[in-house]
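**Student:** What follows is each chain in one-letter form.
Protein chains: 2
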Amino acid sequence: MNKPVRVGMVGAGQLARMTHQAAVDLGIELSVLAKSPSDPAVLAGAKAVFGDYQDVNLLLEFAKNCDVVTFDHELVPYKAIHFLEENSIKVRPGSAAFMYSQDKLYARVKLQEAGFPVPAFTCMGEDDINAINSFADKFSWPVVAKSRSGGYDGRGVWVITNREVATEFFDNMKVRHGQSDEGHLDRNDQDQKVMPEETENFLTANSKNRFIIEEHVDIAKEIAILGVRRQNGQFLTYTPIETIQQNGICNELFMPADISETLAADAKSLAAEIARHVRVIGLIAIEMFITTEGKLIINELALRPHNSGHATIEASYTSQFQNHLRAVLDWPLGSVEMKVPSAAMVNILGSKSLADPMARIALLSDFPAISVHMYAKEPVFGRKLGHVTAVGTDTKALLGAARQCAKQLVGE
Amino acid sequence: MNKPVRVGMVGAGQLARMTHQAAVDLGIELSVLAKSPSDPAVLAGAKAVFGDYQDVNLLLEFAKNCDVVTFDHELVPYKAIHFLEENSIKVRPGSAAFMYSQDKLYARVKLQEAGFPVPAFTCMGEDDINAINSFADKFSWPVVAKSRSGGYDGRGVWVITNREVATEFFDNMKVRHGQSDEGHLDRNDQDQKVMPEETENFLTANSKNRFIIEEHVDIAKEIAILGVRRQNGQFLTYTPIETIQQNGICNELFMPADISETLAADAKSLAAEIARHVRVIGLIAIEMFITTEGKLIINELALRPHNSGHATIEASYTSQFQNHLRAVLDWPLGSVEMKVPSAAMVNILGSKSLADPMARIALLSDFPAISVHMYAKEPVFGRKLGHVTAVGTDTKALLGAARQCAKQLVGE
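Taken in order, these protein sequences are the chains called A and B.
The opening position of the first sequence corresponds to residue 10 in our numbering, with each subsequent residue numbered one higher.
The opening position of the second sequence corresponds to residue 10 in our numbering, with each subsequent residue numbered one higher.
Among the hints, erroneous ones may be present.
Which copy is meant is left open, so a pair is good if it fits within one copy or across any two.
In silico DSSO-like links for lysine-lysine, alpha-carbon gap of 30 Å or less [unchecked claim]:
#, residue 1, residue 2
1, K304, K217
2, K56, K217
3, K119, K416
4, K56, K73
5, K393, K12
6, K56, K44
7, K119, K217
8, K44, K12
9, K277, K147
10, K416, K12
11, K277, K12
12, K277, K155
13, K12, K56
14, K393, K56
15, K361, K12
16, K393, K361
17, K361, K405
18, K230, K44
19, K230, K56
20, K304, K99
21, K277, K361
22, K277, K99
23, K277, K56
24, K304, K12
Keep in mind that the hints were calculated from the coordinates and are not lab data.
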């Protein structure tokens, strides 16, 4: 038998788990660099190498056994990715694109330089309380502080309402910094030459800036535009998704987003321009604000399958997971059109009672048309344990049913 | 972490492969009793025990580690299944139901006794050429001969057009019998008492009957009704599927079948009655003929996910694979309704050139809306290497596109 096509994925969480399912359909092998045998993708049967993704030698060894390497998170140090590329590994997205998802400050600066609409922002180190106060003087309180890297699901984002809160925030950050383990490679670990000059200069100039301070945008809606891009530049955008944030986490969404056709078209064009600018290969998820004035503002980018795209499994001809695989392999992309009129997705979040949804799935009886996706994770309060998707015609009813089902599964 | 729910499946072919994907969604573990590490379900990451399913001790050891045991084929000896039941293993479907899919003669006799419409038939041993000739005298040539067990995909079915062909058939069968390895347990291997008396009597009375001889029905169409039944009797039927046979293999199908609503309703009721009669737990696929006179006649039963149901992955709210798992676990069944207007499926069959579809998938460009399912099998002429499904509105166009895509993948 011919050697199977093997895609390596760094990380083995639920995104890798669902990517594995998509890989099975395509007849390819997903190999994951995992932390533990209980990682969701390992439990789903992806071939696993266990170890620390910050160990560049292990990473290289892992990558050498794969036809192409991709990621289920953005925590791999930029320099490690560049090191793989220097060793002739096909990395998708490449290190230059990866900077846009790994370093929020880099993304902000570069997108602003290129003329894309981003919130007003500044950056600051941790002994620089004046930055935040003078920014607020200019733009008014509240302001938003964001970790430059490593934040997700509401972590690493703080709304700062006044000078007192700003002082508190600083004090907390100083304490936390002492304990922090951000996992960046020490810059002496690797030959400096592996970093392209421009990126190097940016990182040097901003080495002390750990936070972005940005204006608090008046948001009417939040949407996510998912797109997928091949090496040859072919780019397809999924139907716009409307995301509903709770405590900074996108736990609910529906598609198509409830926005005008013009705005949908504008958002898709903007996504296409960003994808081309970033030169992503694979999936890109672009979170956008729609302001109360109806303007589109770029919030964040993720260069991988994304929570906001889970409904594409049931609702679109080709799921985000399968299209990510197709793109990183430089295979023809699948259709991103919807095959049903509407879809809603709700995350299954660990409840305070720590009820195990696996013990409750057998009790479900009112939701026969809902698709359940369990991640095989131990219940922890607030943790994403799975998601449910409903497809049909009446968006409001679908969202209501999905929400109810997700709650029942955790005993709420 | 709680011990995961574990479903054992005997056999690790493409049905087990797709069942594994469904198991991942449900957060349960599929454990397969496989022949080799290159079995399709093993390559997809199902936990595997390797060995011979005819080794009852191995089978029991395998089963003891699972919450429930089911099958991806019907080759496990009836007595072995009954042996598991005697050892308090939950087997789904149970041995009594399993007889209907394993022993075609048993199914015919029992369904006829219960008043279900089956073709006129008789049975015969291999030194009994008179049976076939006298049956043909009564019903006219041609007649159809079928292996009582082990036949599938056109194997084990012969159309016999006249006395000369009948004589040839007999001569061939005698030669083949010398080489045959049907894999039934020798009846002295196990305590005779494990078999219920009625089944025992049937098997004793028919021990020499290796073939069914049946009338050649004038067929207008063939359909498959898939249903799924829980322990508590809950039974749901999928939308009727129209199957297109080539050389006795169902290689193409579409759903809904192009039949009247009345006939569809009749076929679904008939399926429900049969499922209740058979007391199946899990999936049941009932292949039916629609005669040129518009009558429904039962052809064969399979008590497992079935090739004719593959389009349910994309076309129905709940796939046959997921509903089989739900049913054998006695979990609430998922909706069997279609979420799209129409679907067509075509098998990817090994071509004479032995072109590897995995090497050709990257060349596809005209079929972005088609879902590809590869089984990770080595190309062999005529072997099912995968399938493609198209969903949408125009059945004829969907079938045409799926057919073309399947052919391109094997270089035809």
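**Student:** For each hint, tell me whether it holds in the structure or not.
**Tutor:** The hints, checked one at a time:
Proximity of K304 to K217 under the C-alpha cut-off of 30 Å is found in neither arrangement, the shortest distances being 32 Å within a copy and 81 Å between copies. Proximity of K56 to K217 under the C-alpha cut-off of 30 Å is found in neither arrangement, the shortest distances being 39 Å within a copy and 48 Å between copies. Proximity of K119 and K416 under a CA criterion of 30 Å is satisfied in neither setting, with 41 Å inside one chain copy and 47 Å between copies. Taking the shortest Cα distances, K56 and K73 sit within 30 Å of each other both inside one copy (15 Å) and across copies (26 Å).
In this assembly of identical chains, K393 and K12 lie within 30 Å of each other by CA distance solely across copies; the values are 19 Å between and 36 Å within a copy. Both within a single protomer and between protomers do K56 and K44 lie at most 30 Å apart by alpha-carbon distance, with minima of 13 Å and 19 Å respectively. Taking the closest pair of Cα atoms, K119 and K217 come within 30 Å of each other only inside a single copy of the chain (18 Å); across copies the shortest separation is 81 Å, beyond that limit. Proximity of K44 and K12 under a CA criterion of 30 Å is satisfied in both settings, with 26 Å inside one chain copy and 20 Å between copies.
Taking identical chains as interchangeable, the C-alpha atoms of K277 and K147 are never at most 30 Å apart, the minima being 32 Å within one chain and 71 Å between chains. Taking identical chains as interchangeable, the C-alpha atoms of K416 and K12 lie at most 30 Å apart only when they sit on different chains, with a minimum of 22 Å there against 44 Å within one chain. In the homo-oligomer, the alpha carbons of K277 and K12 never lie at most 30 Å apart, since the shortest distance is 38 Å inside one protomer and 45 Å across protomers. Proximity of K277 and K155 under a CA criterion of 30 Å is satisfied intra-copy only: 26 Å inside one chain copy versus 58 Å between copies.
Taking CA atoms no more than 30 Å apart as the test, K12 paired with K56 passes in both settings, with 15 Å inside one copy and 21 Å between copies. Proximity of K393 to K56 under the C-alpha cut-off of 30 Å is found in both arrangements, the shortest distances being 23 Å within a copy and 25 Å between copies. In this assembly of identical chains, K361 and K12 lie within 30 Å of each other by CA distance solely across copies; the values are 21 Å between and 47 Å within a copy. In this assembly of identical chains, K393 and K361 lie within 30 Å of each other by CA distance solely inside one copy; the values are 13 Å within and 49 Å between copies.
Taking the shortest alpha-carbon separations for K361 and K405, only the intra-copy value of 27 Å comes in at or below 30 Å, while the best inter-copy value is 52 Å. For the identical chains of this complex, K230 and K44 are neighbours neither inside a copy (36 Å) nor across copies (54 Å), given an alpha-carbon limit of 30 Å. Taking identical chains as interchangeable, the C-alpha atoms of K230 and K56 are never at most 30 Å apart, the minima being 40 Å within one chain and 44 Å between chains. Taking the closest pair of Cα atoms, K304 and K99 never come within 30 Å of each other, the shortest separation being 38 Å inside a single copy and 60 Å across copies.
Within a single copy, K277 and K361 get their C-alpha atoms no closer than 39 Å, and across copies no closer than 45 Å, so neither meets the 30 Å cut-off. For the homomeric pair K277 and K99, the shortest alpha-carbon distance inside one copy (28 Å) is at most 30 Å, but the shortest distance between copies (53 Å) is not. Within a single copy, K277 and K56 get their C-alpha atoms no closer than 36 Å, and across copies no closer than 42 Å, so neither meets the 30 Å cut-off. For the homomeric pair K304 and K12, neither the shortest alpha-carbon distance inside one copy (50 Å) nor that between copies (50 Å) is at most 30 Å.
Against the hints set out earlier in the document, violations occur for numbers 1, 2, 3, 9, 11, 18, 19, 20, 21, 23 and 24.
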